[in-house]
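Asker: Whenever a hint applies, use it, and build me the whole structure from the sequences.
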Amino acid sequence: MLVSIDLGTSSVKVGVYDLDGNLLELSKYQVRRQDPDEWIHAIEKAAPKLLKEYPSQEVLITADSTSGSFLMVDEYGNPLTKPSMYYEKDVEAYDLVKEKEVVKELTRRGVIIDPSSPLIRLYGIKKRFPNLYAKTKWIIPVTTWILYRLCIREGEKWTNIKTDFTNALKFGLDILQDTPQYFTSIYDELGLDIDKMPDLTPSGEFMCRAESSWSENMGLYDASVHQGMTDGVASAFASGVLEVSSVSVYSGSTTVIKMATKKLITHPSVCYHLHLLGGYLASTTTGFTGLYLSWMCEKLFGIEISEVDQLVEDVKPGDEYLFIPPGDRAPFYDPSIKASILELKISEEEAREYTIGRFLRGVMLGLSLTEDYLIRLLENLFEVKATEIGLSGGGVKSRIHNILRASIYGRKVKIYPDIINTGPLIPVLLKTRLYSDLNIIKEKFIKPIETLDPDLSLQRIYSKLREKYCDVWSALKELYNKMNKTI
3 MLVSIDLGTS SVKVGVYDLD GNLLELSKYQ VRRQDPDEWI HAIEKAAPKL LKEYPSQEVL
63 ITADSTSGSF LMVDEYGNPL TKPSMYYEKD VEAYDLVKEK EVVKELTRRG VIIDPSSPLI
123 RLYGIKKRFP NLYAKTKWII PVTTWILYRL CIREGEKWTN IKTDFTNALK FGLDILQDTP
183 QYFTSIYDEL GLDIDKMPDL TPSGEFMCRA ESSWSENMGL YDASVHQGMT DGVASAFASG
243 VLEVSSVSVY SGSTTVIKMA TKKLITHPSV CYHLHLLGGY LASTTTGFTG LYLSWMCEKL
303 FGIEISEVDQ LVEDVKPGDE YLFIPPGDRA PFYDPSIKAS ILELKISEEE AREYTIGRFL
363 RGVMLGLSLT EDYLIRLLEN LFEVKATEIG LSGGGVKSRI HNILRASIYG RKVKIYPDII
423 NTGPLIPVLL KTRLYSDLNI IKEKFIKPIE TLDPDLSLQR IYSKLREKYC DVWSALKELY
483 NKMNKTI
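Sequential numbering from 3 applies to the sequence shown in our numbering.
If you are wondering where the hints come from, they were derived from the structure by calculation, not from laboratory data. A portion of the hints provided could be inaccurate.
Said to hold, decoys possible - Each computed DSSO-like pair below joins lysine-lysine, with the alpha-carbon atoms no more than 27 Å apart:
(1) 91 / 433
(2) 91 / 347
(3) 128 / 159
(4) 444 / 264
(5) 444 / 487
(6) 51 / 446
(7) 164 / 137
(8) 84 / 15
(9) 15 / 446
(10) 106 / 137
(11) 198 / 137
(12) 433 / 340
(13) 129 / 106
(14) 164 / 139
(15) 137 / 84
(16) 433 / 444
(17) 433 / 399
(18) 479 / 347
(19) 340 / 487
A quick note: this is a predicted structure, and the numbers were derived from the prediction, not measured.
Answerer: If you want it as structure tokens, here you go:
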């Protein structure tokens with residue numbers, strides 16, 4: 003059996019698969035707070051019953067979790083403080099180092115440094131809490147910590163710790179080297195200790211046999227534990243981004259667009275992972291765009307998210323308001339650019355439901371246009387054209403939104419299940435030589451649930467807006483910059 007743990011911000015999913023890619027069991031449990039004890043509790047609660055029903059079955063296990071989140075632990079792997087999460091920012095620390103040449107050089111090597119970068123957060127922690135930093139034995143990504151909690155008996159020292167390349171990336175991984183390694187110059191410049199970081203290894207590599215009592219509680223004792231990956235890379239693999247120029251859009255609280263490419267070209271909006279099959283996985287990310295639809299439903303209109311599709315469908319295409327997302331991440335990285343609603347129209351005779359539909363359709367339209375702009379940014383950068391786009395995540399459950407996406411993108415979209423657990427399994431299958439043919443893996447494990455073609459009438463309606471969308475967004479940047487100067 004193949005077991006994959008997906009530890010997200012709000013829930014954990016544990017999937018069990020057979021060697022033919024059939025999902026035997028999927029268990030889910032809520033994560034109520036970002037706390038290591040809560041993660042351990044949630045994973046144990048989500049442990050599938052199959053694991054205990056077939057104790058003699060050979061089990062391979064891996065995991066994914068949020069990129070850039072880390073724990074500071076002692077020599078026994080015990081957390082010394084709360085986790086530092088991917089969404090936290092340290093603007094003060096960033097302002098102290100942003101003009102340093104090593105920061106600019108690392109950006110040129112494909113790793114974007116901004117206020118939310120783990121190196122920046124770690125630098126801020128060391129300055130404010132030097133005693134905590136001094137006590138820290140390991141600075142360890144969440145995915146890696148979870149997997150070693152399966153490996154090592156409670157009370158034993160953690161030695162020879164390794165993390166995978168994808169989880170190491172934001173900690174200053176230099177992927178331009180023949181063998182990826184930490185960019186030590188930035189550690190020296192920031193006064194950070196490279197020996198507190200785990201050694202490096204590819205995703206899918208064998209780590210250990212599970213020996214902890216925690217693993218035994220879940221029916222995983224003696225399971226073969228393998229290096230995992232970040233949730234972003236997992237979602238890309240689970241959406242079929244395995245060949246050059248293939249593209250995926252992951253829509254959740256944030257939107258992440260990834261493309262498989264042969265080369266690395268520096269761009270301020272693009273960071274890179276090593277692709278497990280060679281080349282790179284280029285990535286660009288928006289801010290918390292996916293939250294606006296649910297926020298409007300709950301806070302503004304007092305409706306259920308299940309009502310959205312019907313309200314949106316009742317609005318005539320082109321009659322919606324236009325939502326422009328914030329610019330704190332790609333392509334501007336300017337936190338002064340706030341989310342905006344354009345083209346507001348007042349109609350005394352209009353039904354309340356229709357007005358609500360205008361807002362909600364406008365959010366779907368704005369998100370689709372943003373995704374399209376970032377897809378085209380990657381295509382133009384690498385001079386390729388994707389023939390289809392893979393969609394995954396909690397934000398792709400709406401069929402009308404996905405039709406709108408296909409029409410804005412101008413190409414076919416394939417919708418994948420809101421389960422990224424298959425992603426981390428792919429390198430495990432290859433490393434263990436359970437499979438040698440990637441096409442067979444893709445056929446068995448990467449299965450879209452629906453394929454949608456563009457609606458030609460929608461393409462015609464939105465074609466002009468699509469072409470001028472980035473100009474509108476750029477104009478808002480100028481407007482917000484002027485406003486901030488006058489306040």
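Asker: Could you run down the list of hints and mark each one as holding or not?
Answerer: Now for the hints, and whether the structure bears them out:
no.: 1; hint: 91 / 433; result: violated (36 Å)
no.: 2; hint: 91 / 347; result: violated (37 Å)
no.: 3; hint: 128 / 159; result: holds (24 Å)
no.: 4; hint: 444 / 264; result: holds (20 Å)
no.: 5; hint: 444 / 487; result: violated (52 Å)
no.: 6; hint: 51 / 446; result: holds (23 Å)
no.: 7; hint: 164 / 137; result: holds (20 Å)
no.: 8; hint: 84 / 15; result: holds (22 Å)
no.: 9; hint: 15 / 446; result: holds (20 Å)
no.: 10; hint: 106 / 137; result: violated (30 Å)
no.: 11; hint: 198 / 137; result: holds (10 Å)
no.: 12; hint: 433 / 340; result: violated (45 Å)
no.: 13; hint: 129 / 106; result: holds (22 Å)
no.: 14; hint: 164 / 139; result: holds (13 Å)
no.: 15; hint: 137 / 84; result: holds (14 Å)
no.: 16; hint: 433 / 444; result: holds (15 Å)
no.: 17; hint: 433 / 399; result: violated (33 Å)
no.: 18; hint: 479 / 347; result: holds (23 Å)
no.: 19; hint: 340 / 487; result: holds (15 Å)
Of the numbered hints stated above, those contradicted by the structure are hints 1, 2, 5, 10, 12 and 17, listed in ascending order.
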